[in-house]
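Turn these sequences into a full structure, and let the hints steer you where they fit.
Chains as they are written, first to last, in the UniProt record's numbering: chain A, 1 to 194; chain B, 1 to 194; chain C, 1 to 194.
Hint data in this document are derived by calculation from the structure and do not stem from the laboratory. Please note that the accuracy of each hint is not assured.
What the hints assert, rightly or not - With the Cβ distance kept under 7 angstroms, some of the chain B side facing chain A (calculated, not the full set):
| hint | residue |
| --- | --- |
| 1 | ALA64 |
| 2 | SER65 |
| 3 | PRO66 |
| 4 | ILE114 |
| 5 | ALA117 |
| 6 | TRP124 |
| 7 | ALA145 |
| 8 | ASP154 |
| 9 | ASP179 |
| 10 | TYR191 |
Claimed, not checked - Sample of chain B residues facing chain A (criterion: CB under 10 angstroms; computed from the structure):
| hint | residue |
| --- | --- |
| 11 | LYS118 |
| 12 | SER122 |
| 13 | PRO147 |
| 14 | ARG153 |
| 15 | ILE170 |
As the list claims (entries may be wrong) - Computed Cβ-Cβ distance ranges for the label pairs, DEER-style:
| hint | chain 1 | residue 1 | chain 2 | residue 2 | range |
| --- | --- | --- | --- | --- | --- |
| 16 | B | TYR121 | C | VAL177 | 40 to 50 angstroms |
| 17 | A | ALA55 | C | LYS104 | 25 to 35 angstroms |
| 18 | A | ASP175 | C | VAL178 | 31 to 41 angstroms |
| 19 | A | LYS137 | C | ASP179 | 48 to 58 angstroms |
| 20 | B | ASP98 | C | THR149 | 21 to 31 angstroms |
| 21 | C | LEU97 | B | SER78 | 46 to 56 angstroms |
| 22 | B | LEU35 | C | GLU176 | 40 to 50 angstroms |
| 23 | A | ASN82 | C | GLY162 | 33 to 43 angstroms |
| 24 | A | SER78 | B | GLY162 | 40 to 50 angstroms |
| 25 | A | HIS181 | C | THR36 | 48 to 58 angstroms |
| 26 | C | THR36 | A | ALA55 | 48 to 58 angstroms |
| 27 | C | THR36 | B | ASP98 | 36 to 46 angstroms |
| 28 | C | LYS99 | A | PRO81 | 26 to 36 angstroms |
Where is the CB? At the ideal position from N, CA and C, for every residue including glycine.
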Amino acid sequence: MKKTQSSHSFLLLFITTTFFFTSSMAASSPKKTPLTPCKKLDLYFHDILYDGHNAANATSVIVASPVAGSSSSGTRTSLSPNFHFGDMIIFDDPVTLDKNIRSKPVGRAQGSYIFDAKSTYSVWLGFAFVLNSTDYKGSITFAGAEPVTLKTRDVPVVGGTGDFFMHRGIATTTDEVVDGHLCVGVHVKFYECY
Amino acid sequence: MKKTQSSHSFLLLFITTTFFFTSSMAASSPKKTPLTPCKKLDLYFHDILYDGHNAANATSVIVASPVAGSSSSGTRTSLSPNFHFGDMIIFDDPVTLDKNIRSKPVGRAQGSYIFDAKSTYSVWLGFAFVLNSTDYKGSITFAGAEPVTLKTRDVPVVGGTGDFFMHRGIATTTDEVVDGHLCVGVHVKFYECY
Amino acid sequence: MKKTQSSHSFLLLFITTTFFFTSSMAASSPKKTPLTPCKKLDLYFHDILYDGHNAANATSVIVASPVAGSSSSGTRTSLSPNFHFGDMIIFDDPVTLDKNIRSKPVGRAQGSYIFDAKSTYSVWLGFAFVLNSTDYKGSITFAGAEPVTLKTRDVPVVGGTGDFFMHRGIATTTDEVVDGHLCVGVHVKFYECY
Chain A
1 MKKTQSSHSF LLLFITTTFF FTSSMAASSP KKTPLTPCKK LDLYFHDILY
51 DGHNAANATS VIVASPVAGS SSSGTRTSLS PNFHFGDMII FDDPVTLDKN
101 IRSKPVGRAQ GSYIFDAKST YSVWLGFAFV LNSTDYKGSI TFAGAEPVTL
151 KTRDVPVVGG TGDFFMHRGI ATTTDEVVDG HLCVGVHVKF YECY
Chain B
1 MKKTQSSHSF LLLFITTTFF FTSSMAASSP KKTPLTPCKK LDLYFHDILY
51 DGHNAANATS VIVASPVAGS SSSGTRTSLS PNFHFGDMII FDDPVTLDKN
101 IRSKPVGRAQ GSYIFDAKST YSVWLGFAFV LNSTDYKGSI TFAGAEPVTL
151 KTRDVPVVGG TGDFFMHRGI ATTTDEVVDG HLCVGVHVKF YECY
Chain C
1 MKKTQSSHSF LLLFITTTFF FTSSMAASSP KKTPLTPCKK LDLYFHDILY
51 DGHNAANATS VIVASPVAGS SSSGTRTSLS PNFHFGDMII FDDPVTLDKN
101 IRSKPVGRAQ GSYIFDAKST YSVWLGFAFV LNSTDYKGSI TFAGAEPVTL
151 KTRDVPVVGG TGDFFMHRGI ATTTDEVVDG HLCVGVHVKF YECY
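Now the structure itself:
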């Protein structure tokens, strides 16, 4: 029985360790870095800023800036000098599966970005993917800093609905000029799914 | 001892399985869809947009739009044409337990919404419930798309403080015109409580 | 063997309980209030609002307000009356380890705040710490109500990147006028780390 007893002791120790390890993780949530996302998503959206002459094609518009208004028409058609600091743009951009703006859209990227750096180009992003395709239906909320001078940057994904119910993750974004317009690549890795 | 040994082996397998199952859940967090919210909340807020003649009663105001300014008074008193695309509204709306704006308020809904669709009515919501009632004290942060043409829509709830410390969930919202003003029903289901 | 068997039964019960306890916590996530943050951060940022005469030193600027524009220069140089209700400010503020604006910056606080109360001073905060120091590299997203008349207030921390990958928590903020400018203390307690 000696061997069996010691085997029991080992088991008990093992179980107890397991118990406290898992329960303490659940309680105070000091999670370990996950190596594997529970879901991935690679999408592109296409932004064409209104410049006073492209009303039909434009997908975004300047709505606020440090200068309150001009005495002429008053339409906002150009970004501010000095890294566009203080400009706010609202957008309704088509989302596609590749970099071609003429590809079948799978949804819209809707929200705003604001230029919030005085000595470089950087924006705050607050927007959602509103997806309505065969593969995905639901919305994804992005909120955070996007230092656009970096080749790639990480933006927090803080919530979602529908197929993305309660999801959280990180979006790695890239910028590219394609066919004369801004094409933003959004590569989402979700680490909390439901 | 044979039986005991095999029993041990089974136990060990079971424990090991348990261990890896639970620890992998904690690590990569592929959570299962929860069927039961850990908390629910049903509230209403009341929005009266400033139109130039209702300063005393108005609870919200247009602060940005695609057109920078007018040559006259310059006060923003009407929404833009074309689905109000590009308009931003800041609000400080009373929150009540029912649809009656004259009911005792339990807090305020404070923040902004922006019209971010070119070919339909849709908004981005960034606001908080700041509650101060007998039942609830604390704030709840909402952030995401609200396609207002849908009868009901889901908006992510991404954080909270006080009684809603660290909470997350989904708010289902509805619109109704009650007594001449916009009454928004907010039905929150929290799936992460603390 | 009797004793061993009952020991097995106890073990099995214990393991089974452990299993269901941990798995149910992961599934519906009714977490217990954590007593101990998994990470803490104490930082300060410094805000100097542009007033028309301080372009070199100013770190923030009014970009939207209830009044669309003035007929003169049109530059936004003063906050609105009535608790600044409807004003939006975009900022790019230095972040330091203490209250001295001349201390070595460890990053920037970038984003916006809007005054969203009609009968008191209160703001909605949407901004990020973008940190780049020896100790911390990464961003932290803040989103929520900040009732600035309170001595301290809690603001949800809803996401992060880099060293703050997927983090969530609560920031307790304070205001102080130091050397003639606004110094905001941000005391973050993270309750979800990775």
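Task: Index of numbered hints that the structure contradicts, given in increasing order - done: Violated: hints 9, 17, 23.
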